[in-house]
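Listed in order, the protein sequences are those of chains H and C. First residue of the first sequence: 1, per this note's numbering; consecutive thereafter. First residue of the second sequence: 293, per this note's numbering; consecutive thereafter.
No lab work stands behind these hints, which were simulated from the structure alone. Do not rely on the hints blindly, as some may be mistaken.
A few chain H residues that don't get close to chain C, going by computed Cβ distances all over 12 Å [stated by the list, open to error]:
(1) I5
(2) G94
(3) I102
(4) K122
(5) Y142
(6) I151
(7) A160
(8) P186
(9) W192
(10) L196
(11) I250
(12) L259
(13) E265
(14) V268
Residues of chain C clear of chain H, computed beta-carbon distances all greater than 10 Å [said to hold, decoys possible]:
(15) D533
(16) A536
(17) C584
(18) R602
(19) G659
If the Cβ cut is set under 7 Å, some of the chain H residues that face chain C in the computed set are [to be verified]:
(20) P84
(21) G262
(22) V271
These figures come from a predicted structure and were not determined experimentally. C-beta atoms are modelled at their ideal positions from N, C-alpha and C, and glycine is treated no differently.
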Amino acid sequence: MDPDILVRGLTAGSLYALVAVSFNILYRPTNVFNFAQGELVMLGAMLFAAGKSTVGLPWPLALLATLAAVGTLGLAEEFIAVAPILARSKTGTGWVITTLAISLIVSNLVGWIWGPDPILVKPPAPLSLDTFEFAGLRLNSYVIALAALTIALVALIERAYRTLQGKAVLAVAEDREAALLRGINPARLSRWSFFLGGAFAGLTGILAAPILYASTSMGPALLLKGFAAAAVGSIGNNRGALIAGYLIGITEAVGASLLSPGYQEAVVFLVVLTVLLMRPQGLFGLATTRTV
Amino acid sequence: MAASRATTLAPLITQTAFVAVACVFPLFVGSNSYALYVATQLGVYIIAAIGLNLLAGYAGQVSLGHAAFVAIGAYATALLMVDHAWSFWAASLVSMALATGLGMLSALPSFRLSTWYFAFITLAFALVFEKMIVEWRWLTKGFAGVIGVPAPRIFGYEFGPKILYLLVFASAVVAFLIVRNIVQSRFGRAFVAVRDAPAAALAVGASPQSMKMLAFVIAAAMAGAAGSLFAVQKTVVTPDDFTADFSIFFVLTVVLGGLGTLWGPVIGAFVFFLIPEFLSSLQSWRMLIYGCLLLVLMLFAPHGLAGALRQAWRRYAQTQKTPAAARTDTPVEHVAVAGLALEITGLQKRFGGVAALDDVEFIAPAGSCSAIVGPNGSGKTTLLNVSGGYYLADAGSVRIGGVETNGMSAQRIAALGIGRTFQTPRLLNELAVIENVMLGAYRRERAGFASTALRLPGARAETRRMRAEALDHLEFVGVADHAEDPAGEVPHGQQRLIEIARALMGGARLIMLDEPAAGLSMTELDRLDQLLVRIRKLGATIVIVEHHLDLVASIASFVTVLDRGKILASGSPADVFKDERVLQAYMGDRALRSGA
Numbered sequence: 001m002d003p004d005i006l007v008r009g010l011t012a013g014s015l016y017a018l019v020a021v022s023f024n025i026l027y028r029p030t031n032v033f034n035f036a037q038g039e040l041v042m043l044g045a046m047l048f049a050a051g052k053s054t055v056g057l058p059w060p061l062a063l064l065a066t067l068a069a070v071g072t073l074g075l076a077e078e079f080i081a082v083a084p085i086l087a088r089s090k091t092g093t094g095w096v097i098t099t100l101a102i103s104l105i106v107s108n109l110v111g112w113i114w115g116p117d118p119i120l121v122k123p124p125a126p127l128s129l130d131t132f133e134f135a136g137l138r139l140n141s142y143v144i145a146l147a148a149l150t151i152a153l154v155a156l157i158e159r160a161y162r163t164l165q166g167k168a169v170l171a172v173a174e175d176r177e178a179a180l181l182r183g184i185n186p187a188r189l190s191r192w193s194f195f196l197g198g199a200f201a202g203l204t205g206i207l208a209a210p211i212l213y214a215s216t217s218m219g220p221a222l223l224l225k226g227f228a229a230a231a232v233g234s235i236g237n238n239r240g241a242l243i244a245g246y247l248i249g250i251t252e253a254v255g256a257s258l259l260s261p262g263y264q265e266a267v268v269f270l271v272v273l274t275v276l277l278m279r280p281q282g283l284f285g286l287a288t289t290r291t292v
Numbered sequence: 293m294a295a296s297r298a299t300t301l302a303p304l305i306t307q308t309a310f311v312a313v314a315c316v317f318p319l320f321v322g323s324n325s326y327a328l329y330v331a332t333q334l335g336v337y338i339i340a341a342i343g344l345n346l347l348a349g350y351a352g353q354v355s356l357g358h359a360a361f362v363a364i365g366a367y368a369t370a371l372l373m374v375d376h377a378w379s380f381w382a383a384s385l386v387s388m389a390l391a392t393g394l395g396m397l398s399a400l401p402s403f404r405l406s407t408w409y410f411a412f413i414t415l416a417f418a419l420v421f422e423k424m425i426v427e428w429r430w431l432t433k434g435f436a437g438v439i440g441v442p443a444p445r446i447f448g449y450e451f452g453p454k455i456l457y458l459l460v461f462a463s464a465v466v467a468f469l470i471v472r473n474i475v476q477s478r479f480g481r482a483f484v485a486v487r488d489a490p491a492a493a494l495a496v497g498a499s500p501q502s503m504k505m506l507a508f509v510i511a512a513a514m515a516g517a518a519g520s521l522f523a524v525q526k527t528v529v530t531p532d533d534f535t536a537d538f539s540i541f542f543v544l545t546v547v548l549g550g551l552g553t554l555w556g557p558v559i560g561a562f563v564f565f566l567i568p569e570f571l572s573s574l575q576s577w578r579m580l581i582y583g584c585l586l587l588v589l590m591l592f593a594p595h596g597l598a599g600a601l602r603q604a605w606r607r608y609a610q611t612q613k614t615p616a617a618a619r620t621d622t623p624v625e626h627v628a629v630a631g632l633a634l635e636i637t638g639l640q641k642r643f644g645g646v647a648a649l650d651d652v653e654f655i656a657p658a659g660s661c662s663a664i665v666g667p668n669g670s671g672k673t674t675l676l677n678v679s680g681g682y683y684l685a686d687a688g689s690v691r692i693g694g695v696e697t698n699g700m701s702a703q704r705i706a707a708l709g710i711g712r713t714f715q716t717p718r719l720l721n722e723l724a725v726i727e728n729v730m731l732g733a734y735r736r737e738r739a740g741f742a743s744t745a746l747r748l749p750g751a752r753a754e755t756r757r758m759r760a761e762a763l764d765h766l767e768f769v770g771v772a773d774h775a776e777d778p779a780g781e782v783p784h785g786q787q788r789l790i791e792i793a794r795a796l797m798g799g800a801r802l803i804m805l806d807e808p809a810a811g812l813s814m815t816e817l818d819r820l821d822q823l824l825v826r827i828r829k830l831g832a833t834i835v836i837v838e839h840h841l842d843l844v845a846s847i848a849s850f851v852t853v854l855d856r857g858k859i860l861a862s863g864s865p866a867d868v869f870k871d872e873r874v875l876q877a878y879m880g881d882r883a884l885r886s887g888a
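Isolated chain H (complex conformation) (with noise of 0.2 Å):
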């Protein structure tokens, strides 16, 4: 087998990982899982090519503005659409077709701003896609430095659920009304969530774009893949969603190739099947029994 397509599998993992990951951010304090996830990646991908190449900011501010941006827009979507729903019935899921309406207004209002046609975005300075050869592989410094930022990520917002304020995002996941007795304060938490959890996937955004180009039709794709990733690695794990992220990744290139690029979503649909067939709960989870 050609072993580019694990290159490709990495590549590909690392962005999904990371998808999986804002998913998990959102969903820790408030149990919603985000619809429109994948267009706030592609949001932040697009604004960051605006700002880099339209308007001409160095990358760190274009950086800086896109990922206060799309927070932004997180926190706005949490506001409008979530929490009025939570409001009215914790155990209800009208949020799928809230969360699921803020995605088409998100992707048409931005198709409609910049049209269909991908924005190329290079890499910062020192990184490049520029290939070269190493033990057999062809790699470039993007694609590694993509795979070491992507782990170090992981490794960084786990440190942050050690500290209290992470903490307290726990105990609302764990018992809301519990942790409003402790003196947390769920809607901050969730408010907080939403922003932080639309900033990293603005971030995601960013890092996919050198890769599949800046475009509105990234979404879609981006979200399955992400709620692959999230579903296999056990919802709300991100250490899972990591390994998922991967698995993914590399599953998809494989199947790609055994088959024909056609399969790449088909191969991904299956394997979330048997794993959740096999496993509810994912890989990485334990079974919750809570129930009243």
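Please build the complex by placing chain C on the supplied structure of chain H, with the hints as guidance.
Here is chain C on its own, set in the frame of chain H:
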């Protein structure tokens, strides 16, 4: 009286008039007219939307890939008729089976999980299916699609456009009636229970997994049938017909018309389908408009147009309502039941590092009333949850009526004759009080799915019997005057009594009550006291978790005190409440002094 008859008749007349107009519609338009074509297409969409509404609106499972199930039906019919010269009728049956089968294969894992997994998996299924239509060119003919699908025939007679319209119309009516019959039956109540209060579904013995599956099978079969009609109506089936947008269209149709309302999908399809015909200049803005509509509707009108109409109508009808006839206060005589004994030995349950139950022994002889008391967090509710199968015990044995139930699922344990009420009442707030009570009989009703869907005489008679019995139970607990009100609007204390009526309706031989007296007023408390005495006189075993010690002392013959997962004391109320350790651990020193 005349006024109230008019208020019940008016909606019926509107509905009949609508159906009549739709039925004679082809007489007034030409065979090849655009109006007939559009009307036929509308009918096809309505069939799929009716199925989706049952799934998303009643059972709470939002399918975001419904277009794929319609596509399966359309392709199956088109390919079988064009390539293999099958008759439409056989092809259409295969279409329904295929849509259901393929759908089940992919949706199966999601039934055990939170409902949003289902939304994601159907979304992914639609995306994959869209790709596969193009990928499997040898089967589906790729982008060119399947062309020249012939019209259905009966005995050599070929269906013209008008007859085809009537076929679609008749199918839509059948789909509507089937869904109506299901929704108004025990299955419909169980669907709503799975959507709004899964714990209540378990308590009455309805498995959420099977209910979700059942709703999905019906919806997928209807989507398959719609696809089949789609193929013969359009005569061409191409991949472009079944994009992700088309799935969104179905969701929006149902949301616009009103999730969980019978006429919702019909109204939604009408409004939704006809408006774009007028606003074709806004074509490029369509998906943006869909998105905004979905958001606004979910936020401000979760029951859509049908819900808004219903609410307006109720407000109007309310003003003319005649006061309900006064009921007699004589208690109803009920048949005796044989109580089941509950025997628990060596029970262990840990949550992480916390031992919620540590080597607990508990025996409630058949027909007795036993109480479990103890401070908050002492494991009382956990004990009920383990006995009822909501949690799996780590070790020990639970025997109900001599049957080992440890390891059995909650719905199977419920089916043995176990009734259960919850600390916070788990009622279906949108359904009438009497429907909530009838839900209790889920396991007792014998009418099968087919006879329910077709509303055969047996099923109808049973429903009548159950309704009368439910009213009986409501009178028994003293809430009969609220029978027709939505359960969510009934005062809290009475909600607890309704839960007890629901447990009685299930023919419970062992009733487990979790803090039934919490939040009750003094008069309600008296009524509860009398009610429990009467339930015990019927023969049922009562296990009650309660903080209200006067109530416990008055009705229980046996009291067990739990403290941090361990049994502190057990015996008759008089002995236990005199026990020094109990008084100290449970009520504190101050209570000790004031009690002396």
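Status of each hint after checking the structure:
no., hint, in the structure
1, I5, "20 Å, holds"
2, G94, "5 Å, violated"
3, I102, "7 Å, violated"
4, K122, "30 Å, holds"
5, Y142, "28 Å, holds"
6, I151, "26 Å, holds"
7, A160, "22 Å, holds"
8, P186, "18 Å, holds"
9, W192, "22 Å, holds"
10, L196, "21 Å, holds"
11, I250, "19 Å, holds"
12, L259, "9 Å, violated"
13, E265, "5 Å, violated"
14, V268, "8 Å, violated"
15, D533, "19 Å, holds"
16, A536, "7 Å, violated"
17, C584, "6 Å, violated"
18, R602, "18 Å, holds"
19, G659, "26 Å, holds"
20, P84, "6 Å, holds"
21, G262, "4 Å, holds"
22, V271, "11 Å, violated"
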